[in-house]
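Work out the full structure, taking the sequences as your base and the hints as a guide.
So the chains spell out like this:
2 protein chains.
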Amino acid sequence: SEYIAPCDCRREFVSGFSGSAGTAVITNDKAALWTDGRYYLQAEKQIDSNWILMKDGLPDTLSQAEWLTKELPVGGRVGVDPYLMSSETWKPMDKVLKEAGHMLVPVSQNLVDLAWEDRPTPPQNPLMVLPDSYTGQTWEDKVLKVREKMKSKNCGAFVVTPLDELAWLFNLRGSDIQYNPVFFGYVVVTKETVDLFIEEERLVSSVKDHLRLNGSSGGKVAVTIHPYGHVGKFVAELVDKVEGKIWINPKSSFAVFNAVPKNRRYVQPSPVTAMKAVKNATEIAGMRRAHLKDAVTLCEYFCWLEKEVPKGTVTEVSAAEKLENIKRGQKDYISLSFDTISSTGSHGAVIHYKPSAETDLPLSTSEIYLCDSGAQYKDGTTDVTRTMHFGTPTDFEKECFTRVLKGNINLCTAVFPQGVKGHMLDTLARTSLWNVGLDYLHGTGHGVGAFLNVHEGPCGISPRVSLTDVPLEEGMILSDEPGYYEDGKFGVRIENLALVKKADTQHNFKNKGFLTFETITLVPLQNKMIDPSLLTEKEVNWINDYHTQVRDEVGAELKRQGKQEALKWMMKETQPIG
Amino acid sequence: SEYIAPCDCRREFVSGFSGSAGTAVITNDKAALWTDGRYYLQAEKQIDSNWILMKDGLPDTLSQAEWLTKELPVGGRVGVDPYLMSSETWKPMDKVLKEAGHMLVPVSQNLVDLAWEDRPTPPQNPLMVLPDSYTGQTWEDKVLKVREKMKSKNCGAFVVTPLDELAWLFNLRGSDIQYNPVFFGYVVVTKETVDLFIEEERLVSSVKDHLRLNGSSGGKVAVTIHPYGHVGKFVAELVDKVEGKIWINPKSSFAVFNAVPKNRRYVQPSPVTAMKAVKNATEIAGMRRAHLKDAVTLCEYFCWLEKEVPKGTVTEVSAAEKLENIKRGQKDYISLSFDTISSTGSHGAVIHYKPSAETDLPLSTSEIYLCDSGAQYKDGTTDVTRTMHFGTPTDFEKECFTRVLKGNINLCTAVFPQGVKGHMLDTLARTSLWNVGLDYLHGTGHGVGAFLNVHEGPCGISPRVSLTDVPLEEGMILSDEPGYYEDGKFGVRIENLALVKKADTQHNFKNKGFLTFETITLVPLQNKMIDPSLLTEKEVNWINDYHTQVRDEVGAELKRQGKQEALKWMMKETQPIG
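Residue numbers (full-length UniProt numbering), protein chains in the order written: chain A, 1 to 578; chain B, 1 to 578.
Identical copies carry no separate label here, and so any pair may be met within one copy or between two of them.
Computed cross-link-like contacts, SDA-like style, restricted to lysine to any residue with a CA-CA straight-line distance of at most 25 Å: (1) Lys512 - Ser462; (2) Lys151 - Thr69; (3) Lys421 - His442; (4) Lys151 - Ser63; (5) Lys331 - Val204; (6) Lys398 - His507; (7) Lys378 - Glu140; (8) Lys251 - Tyr3; (9) Lys421 - Thr468; (10) Lys251 - Pro92; (11) Lys489 - Lys512; (12) Lys398 - Ala503; (13) Lys510 - His352; (14) Lys568 - Arg328; (15) Lys30 - Tyr83; (16) Lys421 - Pro471.
These are calculated hints, taken from the structure and not from any lab test.
Right, here's the structure in full:
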């Protein structure tokens, strides 16, 4: 999982390092921590002298396996909790160790847990049923579709391990992990059975009704509940119970992967990944509602900032808190979808900046403010970035903003045939920056869940080519978020979510069908940051049309919610340009 | 090799099928031929009823290995000439066969050769020395640079197998394969020795002098000549002679690959591939000279066509012959660089159409003519496509031409940072077509050799992502050739070669350095095919600037060569538009 629960912060417990990416390796006399360039400084501060910092990404840094082959005496055994390492990571490490005469060994009792006396208990929060009016499809129908996919690949069983896939499949949501409405569990689907691994006490009465565990027959989709910890043994025993192959996602833990003998494994991306990525009409309608509400909160927020920032009393942290408070007022609001990036001036150039008491700075009228925020509503997940100036931006700041905006527009107005993968569109968001020698060092877009994880595979828009990337399809929702970051000075990012939809083209080459995007984020782009002299007529029209749509749709909702001041601010910010 | 000599057309001899891609598999009672969609029709015509046609690319077609596992009794042995299958192809096939209880077996006596009584003798044409004034670097310097690369990878030896790498490394050229100025051979470079495998009688006196085989000491780069057929044994014996790994290109034959034990192999793309792809100043100057001469021949040719086509006496074949005759008149002309694609009307939509007596059609004033041609000059290799109409094109033909031209311009004017690979630019050549629902089913660009193969790796511009792709670098030369093909009606392609060069940008993000292209093909774009209403101001300016350059440079050369009529035609075709 991208985000984890406190009980799973084992590397932080053992090393002190709290970054989102890192691996600790401990031998009898040494301890080493690998992390990447984003975290060198933080890791140096957090680990003590018992630890060696291994800077991933530098040419001279040994990999974990290389370091181990140097450190270990011949025949060394390297223990790993097999539930915490994916089979994809396990196999190449195992290969290098084997070639050097060592072994990677699954350890059934996690050694950190033995040492961690005050380890938080794993979350046991009750689950929530998401009604069909939000999901558009019953969980039974989803299971039947999964079985069709299994049949087409001659698989007798399918093991679901990603938490968001489990939540999606059963139309259930949880709160075991901050910002991600998921819950701990596994499910195994066979032709005849559905076995869910979760502690039974978590299933409140409504969930039991939903899963038809209260006496009514589930028929072909009857669910059997097992304790969470029984999954490994169950999967191992599947081999004798079902015919055909057993479908395992290559990102599954090595424990699950290894429970199935090699000749029975069908190792391919989960069919649920692709099904979940394509939103149905109900989910799309929900995402639109969520974005309309979210636009209302951002209009209210930016209107408030415009008044308050000049007083000098608003800081990055207090601003983020204000925004969260505003969002809480919306219907079906559940939580933020990630830590709000509320950053002023040079902090805006720290791409994953999270304001904290130690770094907090006041917002001012002399610096750019970048705000990347999102929320979970029962009807959808949002993720939007706006970059504002509450004083007078410099010409260079305006140029950067305008070039980023050109990239955003160039991507979301692209027309492309079916079959095109996201990486083939990434360049479209960059050419306006490349033309003057600028760029940004992150991808341009990620998939977004429908009241699920804000980062969701398999689709994405990035210069990096992923082997599991799939063509863009009607109904997928992705972010469109080019940026520009001037180290030590400011950051600009403009992020909208966009729905992939059919394009209306004059021709239809080889009956491929053509696609384009519809922007579903409806938040004003700050007029004062735009330099119209850098825009084409087509771009000016796009901005004016977008702002007209904001006036129509967000305007109506602001009125309905009686937010007059925010409405006035929105009308001012959406005046035609050019 | 992409192109092969007549003595190596074994699949054609045994099956009758002459296409450029296909594999024949023969068991004791069956014979099957695999080929792809380009060749289904041709193969059906050419093979007889003894053969089963296996249509590669259709979902239900078994792979060769799958078919063999079905056909063979348990424990089947599948013989392959290991010099004719790359290790990349061998390994996956071997794996599938092994899993089914069969074996892939290297066969030292090629069985087709035993049956092929009138097999042509392998070419033994004398080699040609390419002076340093053409290559810009001595072969000794190249060998020393190869040794540096070997050292940096701890390799004690390096086996060169691709023919164009051999020719490039020694500044030698041959004529063993039509259109490709290469010769059969292998070379093994170690820290101390250079062993060349070639029949000694082919080395004329100038070549022996060049390689310092006539008594003068070669010092650290002394070359030893061995018979061509001794390479396998020599590579096998290397293992005991040198320290460190032995560098083998994964595209090497299985014979060479397998001669080295697994733990001694360093299997990575050849360092020569990357060195050869980046042209030095002398090679670039040569490529420019070659393109200037080539432009002269095309002006002469199109001028002649414009006069002759209306008479109805010119056919696709006679036109191609005329063009070859014209090209022969240029200094340092060696041969064509591929079969001229001279195609009228619907033939233009057959992407790799080669006119022949059976398909020959007259050119007319009512159809589009597409001409894709290239030549080998001692100073460089050319490859250019122009699409013309000798009557009045339809609005749709003009629209297609103009959109293809927009794609060509959009790609060659792109500015991009160092590190960008070709596949990241491919989309730029397509958006003008995609916008109206059109596309083309081929890549946009390939690397081109300097008086070497017209298709040269490792760089390319394609939607397909190649794992061996490398970032574009200053000095690489690639084609820029978007197209549009209306089946049964016409084809449009506009192809220029473009040199990757430094871009002059206002900023230089993270000191990456920015690159762009310079078009080195200088042949007029037919004015009457252009619809200026579809062009931006920037595009109109690009076309007018390009035509001004053609007037200046090609005009001067046409004058120098006294080709008045062609000069007049060129001036007419390069009038400013917009």
